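Chemist: Protein sequence lines, in the order shown, are assigned to chains C, G, R and L. Going by UniProt numbering, the first residue of the first sequence is number 1, and it counts up by one from there. Going by UniProt numbering, the first residue of the second sequence is number 1, and it counts up by one from there. Going by UniProt numbering, the first residue of the third sequence is number 1, and it counts up by one from there. Going by UniProt numbering, the first residue of the fourth sequence is number 1, and it counts up by one from there.
Fair warning: there could be bad hints in the mix.
Which copy is meant is left open, so a pair is good if it fits within one copy or across any two.
Calculated cross-link-like contacts (lysine-lysine; reagent style PhoX-like; alpha-carbon spacing at most 25 Å) [claimed, not checked]:
{"no.": "1", "residue 1": "Lys167", "residue 2": "Lys261"}
{"no.": "2", "residue 1": "Lys166", "residue 2": "Lys199"}
{"no.": "3", "residue 1": "Lys140", "residue 2": "Lys166"}
{"no.": "4", "residue 1": "Lys140", "residue 2": "Lys107"}
{"no.": "5", "residue 1": "Lys167", "residue 2": "Lys199"}
{"no.": "6", "residue 1": "Lys140", "residue 2": "Lys245"}
{"no.": "7", "residue 1": "Lys60", "residue 2": "Lys261"}
{"no.": "8", "residue 1": "Lys107", "residue 2": "Lys167"}
{"no.": "9", "residue 1": "Lys266", "residue 2": "Lys167"}
{"no.": "10", "residue 1": "Lys293", "residue 2": "Lys266"}
Just so you know, the hints here were simulated from the structure itself, not pulled from any lab data. Predicted, not measured: the structure shown is a model, and the values here were computed from it.
There are 4 protein chains.
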Amino acid sequence: MTYVTFPQAKSLDFAAIGRLCIDLNANEINRPMEETMTFTKYVGGSPANITIGMSRLGMKTAFIGKIANDQMGRFIADYLQRNAIDTSNVVTDQTGAVTGLAFTEIKSPSDCSILMYRNNVADLKLTPGEVQESLIAQAKVLLISGTALAQSPSREAVFQALNYAKKHGAVIVFDLDYRPYTWTSPEETAVYYNLAAEKCDIILGTREEFDMMEQFEHNPEKDDQITAAKWFDYSAKIVIIKHGKEGSIAYTPDGIGHRAKSFPAKVVKTFGAGDSYAAGFIYGVMQGWTLEKSMEYGSAAACIVISSHSCSDAMPTAAQVDAYIERCNRGEITAS
Amino acid sequence: MTYVTFPQAKSLDFAAIGRLCIDLNANEINRPMEETMTFTKYVGGSPANITIGMSRLGMKTAFIGKIANDQMGRFIADYLQRNAIDTSNVVTDQTGAVTGLAFTEIKSPSDCSILMYRNNVADLKLTPGEVQESLIAQAKVLLISGTALAQSPSREAVFQALNYAKKHGAVIVFDLDYRPYTWTSPEETAVYYNLAAEKCDIILGTREEFDMMEQFEHNPEKDDQITAAKWFDYSAKIVIIKHGKEGSIAYTPDGIGHRAKSFPAKVVKTFGAGDSYAAGFIYGVMQGWTLEKSMEYGSAAACIVISSHSCSDAMPTAAQVDAYIERCNRGEITAS
Amino acid sequence: MTYVTFPQAKSLDFAAIGRLCIDLNANEINRPMEETMTFTKYVGGSPANITIGMSRLGMKTAFIGKIANDQMGRFIADYLQRNAIDTSNVVTDQTGAVTGLAFTEIKSPSDCSILMYRNNVADLKLTPGEVQESLIAQAKVLLISGTALAQSPSREAVFQALNYAKKHGAVIVFDLDYRPYTWTSPEETAVYYNLAAEKCDIILGTREEFDMMEQFEHNPEKDDQITAAKWFDYSAKIVIIKHGKEGSIAYTPDGIGHRAKSFPAKVVKTFGAGDSYAAGFIYGVMQGWTLEKSMEYGSAAACIVISSHSCSDAMPTAAQVDAYIERCNRGEITAS
Amino acid sequence: MTYVTFPQAKSLDFAAIGRLCIDLNANEINRPMEETMTFTKYVGGSPANITIGMSRLGMKTAFIGKIANDQMGRFIADYLQRNAIDTSNVVTDQTGAVTGLAFTEIKSPSDCSILMYRNNVADLKLTPGEVQESLIAQAKVLLISGTALAQSPSREAVFQALNYAKKHGAVIVFDLDYRPYTWTSPEETAVYYNLAAEKCDIILGTREEFDMMEQFEHNPEKDDQITAAKWFDYSAKIVIIKHGKEGSIAYTPDGIGHRAKSFPAKVVKTFGAGDSYAAGFIYGVMQGWTLEKSMEYGSAAACIVISSHSCSDAMPTAAQVDAYIERCNRGEITAS
């Protein structure tokens with residue numbers, strides 16, 4: 001069954017708005033960061049990673065965001081362009097803002113953390129007036145990311161992008177991507193997450209992220225069906241709730257909770273799993289695949305990324321995802 | 001024809017959320033404020049004035065807001081209580097915020113201005129967690145005022161109040177009351193005004209206020225019908241657009257632009273006209289009167305206030321409004 | 001004995017730098033402010049009051065400060081000019097700052113308090129580049145006030161004024177006037193008070209103000225002699241420490257603690273006592289009087305002010321002070 | 001001739017207060033940073049580098065500063081300890097501040113730049129109450145660095161450290177180290193630099209740094225003698241003014257301008273030259289050497305650092321400096 005219909009006549013497959021930053025990944029891993037002496041630079045930020053993933057999968061993509069007027073900002077713009085992502089709506093900050101940084105610490109494959117630099121970052125300075133209506137008018141999908149709601153004026157830029165997407169009929173995907181830093185309070189977070197989610201067609205998040213959004217509501221059992229039903233009353237057609245190791249469930253208005261099998265992986269680190277999953281899943285849905293098949297595809301894409309050192313740079317092509325699934329099916333890959 | 005149906009079973013006629021402040025009105029008028037030596041203190045703030053007006057007209061009312069923990073804040077709470085307004089959701093700030101002030105300057109009946117003190121004011125510190133769902137659940141009407149959207153956390157408190165009002169079926173009135181100070185940019189203002197207006201049943205504002213809200217849209221002729229139609233696509237049933245001396249028009253989804261006659265007045269100053277108009281109009285609609293009769297009632301209430309020295313303290317009772325209309329009909333009142 | 005020598009050739013007797021604000025004095029007194037309905041407007045701020053006092057006593061005076069670009073600011077400039085104070089270095093703010101306010105509450109002659117509005121005030125926005133060296137070069141005395149040290153850029157403007165005063169040989173008077181609001185921490189306060197006091201010839205303050213300045217030092221008995229001795233090691237020639245009802249003592253490097261008799265007064269309120277005392281005392285010292293006679297003169301001036309409704313507007317002329325002392329000497333005035 | 005006498009009985013040779021941060025040095029050099037993919041982590045910050053230099057030269061040293069409560073902060077503390085620097089007054093921030101970062105770009109040996117991260121950094125959060133008087137009481141030398149004056153509360157901590165150093169007789173060295181970011185305005189900078197410099201015995205800076213300090217003064221020819229003479233009127237005994245390629249001159253109250261010969265070097269980058277020069281020079285003066293010999297020693301230390309990839313980690317031992325001078329004298333080292 002088809003839960004979401006995409007406006008096929010539009011020329012751009014996918015646009016995302018939000019965070020563009022730099023990951024500085026520890027080269028010497030399996031140790032505390034205090035003992036890491038060198039770091040490698042990658043483009044990062046959840047919506048940036050997803051867009052790179054979509055582009056690698058062959059989609060025509062664009063990004064809406066803001067970069068610092070410095071070497072890091074220029075590196076980001078150049079990397080996006082080299083990945084065939086349209087950067088005509090990537091604006092350069094003129095106020096002296098810096099590029100957000102994420103230093104990664106990989107103590108073990110299952111013990112990873114991030115040291116964030118998010119003060120005065122360029123990506124949160126995108127204004128509503130800088131968002132190009134003409135770009136969104138041509139997009140089949142607009143993806144928004146929760147971190148871009150954390151501060152003004154980026155928050156207002158996202159709401160304006162939602163207005164344009166609604167007006168022009170784009171399918172809207174909301175990747176919750178909640179990160180407490182940069183938010184003033186959980187109450188503030190919940191209010192804006194809910195205002196944005198009301199307008200979205202596909203919502204992806206962890207059970208904990210949905211709990212945060214329900215702090216003013218009554219869902220004492222943290223019941224997925226209650227959570228999903230609320231959004232079906234607004235605009236949603238698919239609500240994916242991720243339960244960590246228990247897997248993800250895609251809820252639909254017909255009451256079904258769709259599940260998919262997962263794949264083994266030789267895990268290096270956990271970063272980037274959600275972003276590659278989102279890219280693979282959205283790609284599948286846009287191909288007209290079942291939700292189950294789309295979720296499987298997302299899972300395979302995620303396995304490839306968590307087996308690698310980087311996030312953005314490891315985003316797979318369709319051929320790589322297909323090959324990974326085949327190798328798993330042949331039993332050639334087992335869990336680490 | 002009835003455009004709005006009120007939930008009659010509810011026990012509270014009217015609740016408002018937003019600004020509570022102090023007006024310091026020049027005692028020596030018809031001169032620049034530099035030459036005014038003494039000032040008289042009144043409760044002020046648009047939603048406060050409207051609530052006082054509704055209470056004087058005999059409605060059961062409550063206020064949702066925040067006051068400074070000082071003499072000015074205590075004066076406000078006491079005045080509301082003396083006017084039979086429920087203050088159980090008027091919270092006292094504990095952070096050292098001050099009470100907003102508005103010094104009025106009356107150079108002539110038609111040349112009035114205000115000197116505002118809006119830095120670190122208590123009313124903008126109301127949080128979403130402080131808004132009582134149980135109070136809104138009992139209200140037939142919730143009135144929100146644009147100034148409360150100007151800053152966090154008051155902005156989020158208003159959106160949370162809107163959520164509760166929607167959930168419990170209150171009729172929502174939006175008094176635009178746009179004042180540029182305290183807002184960061186016109187773009188930011190437009191984004192939040194539009195997000196709030198989407199959820200409202202009755203919207204009242206000047207043509208200029210609606211223009212501000214349309215800065216990302218195409219209404220080059222500033223056409224009232226285009227303006228109103230947008231909101232009928234969301235939740236609105238009545239959109240009142242005020243055209244200054246040309247009078248106000250109440251638009252309804254049936255395409256009608258309702259107009260009402262106005263009354264003469266011996267004008268002292270223009271402050272408070274909009275607030276008393278809103279109180280009179282909402283009162284009329286709640287009585288089941290036609291929009292035309294409700295607008296006339298609002299106009300008469302406004303005439304009484306602009307003929308007086310204060311705003312809040314001059315809000316009329318129903319008997320006073322009726323008497324004013326009768327005296328006008330008998331030709332006993334002529335314009336100053 | 002002469003403790004301080006003034007540069008007699010200079011054309012300006014007295015310049016002060018710092019706070020200019022508005023006092024809003026309760027008209028209905030001997031009650032809580034909640035019950036006060038009207039307020040009268042006066043120029044206020046400790047250095048402004050002292051300068052008005054000096055001008056009334058016949059001195060040639062000037063003020064260095066910043067006013068809001070509004071009706072309150074223009075009232076202040078006009079009042080200073082009408083009191084023959086040179087305002088050529090009173091700068092008008094262009095950033096939208098407001099005029100500081102002080103609402104006075106007079107519950108009884110001995111129970112007075114102030115409700116301050118000090119957010120975004122113009123007086124704290126004076127910059128070092130706006131301080132006119134040429135004006136200070138002509139001044140016999142420069143008075144600085146502690147409140148002007150509370151925030152940047154006013155803080156730096158005061159230090160720059162001190163540089164000019166030192167360079168050109170003005171006698172520097174420091175009126176401590178410590179008010180905790182607007183300061184970030186007691187530690188910060190102590191650091192800047194000490195840096196400023198190092199450069200001053202005459203320091204006036206309460207025992208509590210000197211205690212605040214000594215928080216990083218060892219004076220467990222709060223011994224006046226230890227306090228004064230520290231400043232004699234820098235630039236000070238007179239250190240006046242006020243002990244409330246026990247009276248004030250003027251310490252000098254010769255080890256003497258000078259005391260003066262006080263006068264009775266019919267007290268209305270306590271505000272303004274310190275400012276009128278400072279004006280009377282400095283005036284006396286500039287006349288070449290003994291410290292004891294100068295302190296008496298300050299006390300008499302203070303009695304006149306606390307017997308009146310206002311501070312600035314009640315500052316006496318020399319004839320009024322002389323008359324008050326004579327009447328006291330004749331027993332015509334007794335304490336209230 | 002001896003210009004400065006050190007309090008030899010004290011147990012600690014050298015203490016510094018101020019910036020502790022992380023340098024992230026480009027591994028792939030001689031290209032724009034956009035093309036640099038990996039970075040190596042070092043301890044940085046001018047006073048940190050000088051203290052490491054002093055420790056390497058055999059001095060007993062301590063640091064007064066504040067580090068972030070994260071992996072970067074712990075790395076800094078550990079590195080200082082491994083370099084035998086007393087960290088008992090290195091405080092850990094508890095407010096969520098981050099570690100300052102400096103990404104270095106080395107386009108060529110003579111075209112180097114830095115990308116700074118200075119928002120919400122831990123080092124600027126040191127408070128005056130955290131500075132240990134007992135530590136400064138035992139120090140022969142206290143070095144302050146201009147960057148620590150850039151913001152509160154670090155600014156006040158430096159002034160408090162100066163108070164303690166004055167009280168206990170430490171020789172105070174001021175390394176101007178002016179960096180415009182983090183300062184609000186040049187005026188503010190000049191005011192605090194001058195207030196600090198008044199209390200210092202040895203002042204080191206570039207001609208441009210002294211120009212910045214003289215913006216309120218009259219030195220139209222930028223005459224070194226006028227500059228130095230001002231500080232001799234306060235506390236200074238040596239004022240070193242650096243003229244880039246024309247070399248440095250050490251001015252003394254006897255009117256002499258001391259110069260020293262320089263050494264050739266195979267330059268990798270210019271970073272760290274000033275810090276190693278300062279360490280070598282102060283070390284020499286503390287040995288009782290002439291200013292000329294001390295300056296030579298500083299120059300040789302600087303040559304070693306600019307021939308290396310890092311700043312802090314390349315600080316030489318005395319044996320290394322001696323060897324470098326000998327090799328230069330034997331003609332074994334020539335300029336790159």
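Chemist: Indicate, hint by hint, whether the structure satisfies it.
Modeler: Against the structure, the hints come out as follows:
| no. | hint | verdict |
| --- | --- | --- |
| 1 | Lys167 to Lys261 | neither (37 Å within a copy, 38 Å between copies) |
| 2 | Lys166 to Lys199 | both (8 Å within a copy, 16 Å between copies) |
| 3 | Lys140 to Lys166 | within (11 Å within a copy, 31 Å between copies) |
| 4 | Lys140 to Lys107 | neither (40 Å within a copy, 43 Å between copies) |
| 5 | Lys167 to Lys199 | both (11 Å within a copy, 17 Å between copies) |
| 6 | Lys140 to Lys245 | neither (32 Å within a copy, 47 Å between copies) |
| 7 | Lys60 to Lys261 | neither (28 Å within a copy, 59 Å between copies) |
| 8 | Lys107 to Lys167 | neither (47 Å within a copy, 47 Å between copies) |
| 9 | Lys266 to Lys167 | neither (44 Å within a copy, 48 Å between copies) |
| 10 | Lys293 to Lys266 | within (22 Å within a copy, 62 Å between copies) |
Hint compliance for this structure: hints 1, 4, 6, 7, 8 and 9 are broken, all remaining hints hold.
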